[in-house]
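Enquirer: Next come the chains, spelled out residue by residue.
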Amino acid sequence: MTEKVHLRTPAKLFDGNWMDAELLITDQTLSIGKKKIPVNEIEDLGDVDVEGVEAIRIKKDGETIIKPPEKIRAQVFRFLAFNLKADRFAVYYLDSATVGGVVSSGAKWEKGYFSVTDEGFWFLSPKKQQKMLFDNIGGVVKETRNIGGKQRKVLVLSKVKKGQVATSLLMCPETTLEMLENYITRLIETHKPQIDMTETEKEILTLVYSGLDFVSIENIVGISTDELNEYYDKLVENGLAEVVKVRKEIELTPRGVTMVGNASK
Amino acid sequence: MSKVLIVDDTAFMRKLLKNILFGAGFDIAGEAENGKQAVEMYKELNPDIVTMDIVMPDMSGIDALKEIKGMDKSAKVVMCTAVGQEKIVKTAIKLGAKGYIIKPFQGPKVVEEIKKVTGA
Numbered sequence: 001m002t003e004k005v006h007l008r009t010p011a012k013l014f015d016g017n018w019m020d021a022e023l024l025i026t027d028q029t030l031s032i033g034k035k036k037i038p039v040n041e042i043e044d045l046g047d048v049d050v051e052g053v054e055a056i057r058i059k060k061d062g063e064t065i066i067k068p069p070e071k072i073r074a075q076v077f078r079f080l081a082f083n084l085k086a087d088r089f090a091v092y093y094l095d096s097a098t099v100g101g102v103v104s105s106g107a108k109w110e111k112g113y114f115s116v117t118d119e120g121f122w123f124l125s126p127k128k129q130q131k132m133l134f135d136n137i138g139g140v141v142k143e144t145r146n147i148g149g150k151q152r153k154v155l156v157l158s159k160v161k162k163g164q165v166a167t168s169l170l171m172c173p174e175t176t177l178e179m180l181e182n183y184i185t186r187l188i189e190t191h192k193p194q195i196d197m198t199e200t201e202k203e204i205l206t207l208v209y210s211g212l213d214f215v216s217i218e219n220i221v222g223i224s225t226d227e228l229n230e231y232y233d234k235l236v237e238n239g240l241a242e243v244v245k246v247r248k249e250i251e252l253t254p255r256g257v258t259m260v261g262n263a264s265k
Numbered sequence: 001m002s003k004v005l006i007v008d009d010t011a012f013m014r015k016l017l018k019n020i021l022f023g024a025g026f027d028i029a030g031e032a033e034n035g036k037q038a039v040e041m042y043k044e045l046n047p048d049i050v051t052m053d054i055v056m057p058d059m060s061g062i063d064a065l066k067e068i069k070g071m072d073k074s075a076k077v078v079m080c081t082a083v084g085q086e087k088i089v090k091t092a093i094k095l096g097a098k099g100y101i102i103k104p105f106q107g108p109k110v111v112e113e114i115k116k117v118t119g120a
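Here the protein sequences line up with chains Y and D, keeping their order. My numbering numbers the first residue of the first sequence as 1 and each following residue consecutively. My numbering numbers the first residue of the second sequence as 1 and each following residue consecutively.
You may find that some hints are simply not true.
Stated by the list, open to error - A few chain D residues that face chain Y, going by a derived Cβ cut-off under 7 Å, partial list only:
(1) Pro57
(2) Pro104
(3) Gln106
Claimed, not checked - Facing chain Y, a subset of chain D residues (Cβ under 8 Å, in silico):
(4) Lys15
(5) Leu95
(6) Gly96
(7) Pro108
Since the hints were made in silico from the structure, they are not lab data. Just so we're clear, the structure is a prediction, and the values are computed from it rather than from any experiment. Here a beta-carbon is modelled for each residue, glycine too, at the ideal position from N, C-alpha and C.
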């Protein structure tokens, strides 16, 4: 049977460095350079920045990184997302119903599909292909909410979005909802960092989340600068935090002290 | 500047809130570690605003809120809640709470909410 060609375009393929290649997408295969990937066997995909180039990462027996022309990038991404090798469930989805505990006024229910891959969840609609990484999802709970004047059961997904806790709602038939709740809970548990933390480490993590600076954390926890540095190192090693700024502590030389003396006259 | 009474059964959370609020220029009127103590301290200190944890021993934040509002209808109480406690928050708002802040706390959000409620 002949394959139906959806797209044929010049594109770029990253294989250690960027090279020009023809991208051909049919109803069955994505071909670029010498690579051929059955579209319905793609395990996951995502946006990726490679050497300053915004590209698409395709996961199937390793990773393939492609850069379609900008004007059709969204179209390629949507096609691949809708063909991911994953179960799909028809749902209504309310993205970021609350952010930082505040109800989002612009949030609207959207009809689409909820899909689960190795790396996270997808919400797929013609307008939106949104991925939520397991690492960013805090939990899921079933609740009854008033939606359009009716009491309906929904799944409330809490996730971290730009450093703030956001909740999104998922609505679908009740049997699917229960199955999804169990499935998602299990997956979140599996992806939770398996790290034993002491009470102090948990406190420091909370204080960093709260936006407190180094000195305030030192004072609240009652530890020295060196001790706090060691805790920070451990959080970074465990992938729970990353270094964004290194501060310097300095001491004046005799010349510096003289300058202060002169400046104070 | 407004005086805040911080109510939480965890010393760590009290310290955290104290630090955030003091850093934003609020005066800390006092700290209570349960609802009962909060009611007593409210009478004694007459704070401008109370940050009230919900789950606490002896007397819950909801019960303390009821008592404080019973004594002072104009009391400004902000509930401290975890994600997923929306139902309790709704109850608190019906009972007269002026707002809520979500745990884990984010400094700027806490300050924003307290300023909003105090009109600072």
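Enquirer: Each hint: holds or not?
Expert: Going through the hints against the structure:
Because the smallest distance between the Cβ of D/Pro57 and any Cβ of chain Y comes to about 19 Å, over 7 Å, the interface hint for this residue is violated. About 5 Å separates the beta-carbon of D/Pro104 from the nearest beta-carbon of chain Y, less than 7 Å, and the hint is met. Hint status for D/Gln106 relative to chain Y: holds, with the closest Cβ pair at about 6 Å, below 7 Å. With a cut of 8 Å, the hint placing D/Lys15 at the interface with chain Y holds, because the nearest CB-to-CB distance is about 5 Å.
Violation of the interface hint for D/Leu95 is found here, the shortest Cβ-Cβ separation to chain Y being roughly 19 Å, above the 8 Å cut-off. Interface restraint check: D/Gly96 against chain Y, minimum CB-CB distance 19 Å, threshold 8 Å, status violated. Nearest Cβ of chain Y to the Cβ of D/Pro108: about 6 Å, under the 8 Å cut. The hint holds.
Figure legend: structure checked against the earlier numbered hints; hints not met, in rising order: 1, 5, 6.
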